[in-house]
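J.: Single-letter residue listing:
2 protein chains.
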Amino acid sequence: MEGFITMDHGSGGKKTAALIDELIVPLFRNEALAALGDGAVLPGGGTLVFSTDSFVVTPLFFPGGDIGKLSVCGTVNDLAMAGGIPRYLSLSIIIEDGFPLGDLERVLSSAARAAAECGVSVVTGDTKVVERGHCDGLFINTAGIGTLACPGLSSSSIRPGDRVILSGTAGDHGTAILLSRSPELLEGTLSSDCAPLHRAAADLYSLGPALRVLRDPTRGGVATALNEFTEEKPFSLVLEEASIPVDPGVRTACDLLGLDPLYAANEGKLLAVVAPEAAESALQILRSHPACCRAAVIGTAESDHAGRVILRTRTGGSRILQRLSGAQYPRIC
Amino acid sequence: MEGFITMDHGSGGKKTAALIDELIVPLFRNEALAALGDGAVLPGGGTLVFSTDSFVVTPLFFPGGDIGKLSVCGTVNDLAMAGGIPRYLSLSIIIEDGFPLGDLERVLSSAARAAAECGVSVVTGDTKVVERGHCDGLFINTAGIGTLACPGLSSSSIRPGDRVILSGTAGDHGTAILLSRSPELLEGTLSSDCAPLHRAAADLYSLGPALRVLRDPTRGGVATALNEFTEEKPFSLVLEEASIPVDPGVRTACDLLGLDPLYAANEGKLLAVVAPEAAESALQILRSHPACCRAAVIGTAESDHAGRVILRTRTGGSRILQRLSGAQYPRIC
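Listed in order, the protein sequences are those of chains A and B. Going by the numbering used here, the first sequence opens with residue 1, and the numbers climb by one from there. Going by the numbering used here, the second sequence opens with residue 1, and the numbers climb by one from there.
Chain A extracted, bound-state conformation (with noise of 0.2 angstroms):
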């Protein structure tokens, strides 16, 4: 394999699902692996869930939390958009020489605080240091367990007139990172969204196979989540502009930096898709969580233009979305 690694590679994009496709997948080829999705079901006996993700946002510190509550809640939703509770987290540092001490407690503190509000323990860890200029002040690892509670979430299981439904507003946290590395622009205004969704995700459970799947649409934001789902499928989801969350700041701070909110990272917004007749118990539940309160559908499967994503904009035109192309936002996760 030729070439060199480019921050495109790590944008949760098309670089990022070439890589993963060509070169991992491949490699460690097995059906749990190759499901890909945000956590293993375990095969054989088929009762666990595992998942993984390192965390290396920059600022570590931003509006609605840092970057020891976001490992915690990034593993946790991980767990329970492939349907599972989340019961047991690793937690590995590796740590800068010459971090300071009291930051490492502010930002354990909250991993632990986040921990106890999802009811998981941190059972097992790791700690490296190495030497300045070698990493950024502070990267986590989580990886978590759980206890399989809805077997086959699957993006196969998609019908055309099934709901997609979003949990809340889009883009809000990856429009505040990036806001908050630009303090000169409407600082202090955008907070992230970085919230634990395993109580929404299991209240969702109980609609059964109504419930077709479910993913958190963290890096490349919700275009590129359903993407994944209807990457050769015989379905397109075609999507309501009008009918989109988004915060009105969101939108301001996305207009000033030419960003899409459909491309910009969640930390506490899932994406459910549900057959129609469950549309309406799905926002009701959904919106019965505080982090959910603006659940909407946002859209419908459809047979035509299978394989696509497409959005009906307000003027009335429409336009595919393809997935996140380019490192649009580094380091958000």
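Watch out, some of these pointers could steer you wrong.
Note: identical chains are not told apart, hence a pair may lie in one copy or across any two.
[Stated by the list, open to error] Quick list of in silico lysine to any residue cross-link-like pairs, SDA-like style, CA-CA up to 25 angstroms:
id, residue 1, residue 2
1, 233, 326
2, 233, 304
3, 233, 136
4, 14, 191
5, 233, 131
6, 14, 101
I should point out that these hints are in silico values taken from the structure, not numbers from a laboratory. These figures come from a predicted structure and were not determined experimentally.
Use these hints to put chain B onto chain A, whose structure you have.
T.: For chain B alone, kept in the frame of chain A given last:
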């Protein structure tokens, strides 16, 4: 908490222990974490073992292995030391912008080969990219799940008279890594012992309660791992220097570099403490595995000098072996 992280906090020695004991364990308090084993036996049911390690070794490729093989063997060994049969791994990479794709392919191919040899499946993962100068080429985290085959392994079970067994020569990995950074010294003569130990460990489980505890002496080496056994315990571990196998090349290199092989890391060796009547069986079991063919009884548990690790030297003297203090060997794993 005041002050700053230093390289010492990553040594695996005293300051690493202090950071874990004073900051991390109190924050996340639960029994599984507080046991501070190589892996955690999950509470409630108690049929699973969970472990994680981040790998920041430099150089990425070294005689006898590379960061890919190391990251699989390291977690496989941690699970085995905790009494688990390794089953599933997660693998998460943090890559520096500009890293050669060919090197990534070599590393991941090596990890995939090691996983296949160990009979474990890499079922989930994550890929992050950071800007040039914000990490050092490639860091890998693995987490692993094993099924508990040997419950109750604990240094609390050690009794006076028990024998300490080391599965082979001490200090090969750490010394090989240090030499590989100074190729003008003895280039090519030493090789890391990086190897999976789960099969040897599983055979030792057949000893039943006569097998008290297992540990792979990685960072901080044999001396530090044994100190973890004796800390606040009513026994000492007394080692016979003449019985401790050390490769002649490692001894020469350590003499040259002013190092002690008992504090140098191992990545393919285990320490087992066994009841005296089981010592001969344990040696036979270990020696049937190529990676453990030089297994030897290196010491005995005694009731005098409780809490200490003591070395009886070749010249008839004796000295206390403390935990590693300071960052004698940065980034060897």
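J.: Does each hint hold? Answer for all of them.
T.: Here is what the structure says about each hint:
1. 233 x 326: within (24 angstroms within a copy, 56 angstroms between copies)
2. 233 x 304: within (11 angstroms within a copy, 71 angstroms between copies)
3. 233 x 136: neither (40 angstroms within a copy, 39 angstroms between copies)
4. 14 x 191: Close neither inside one copy (27 angstroms) nor across copies (40 angstroms); limit 25 angstroms.
5. 233 x 131: neither (47 angstroms within a copy, 35 angstroms between copies)
6. 14 x 101: Intra 38 angstroms, inter 16 angstroms, cutoff 25 angstroms: inter-copy only.
This entry does not satisfy hints 3, 4 and 5, going by the numbered hints stated previously.
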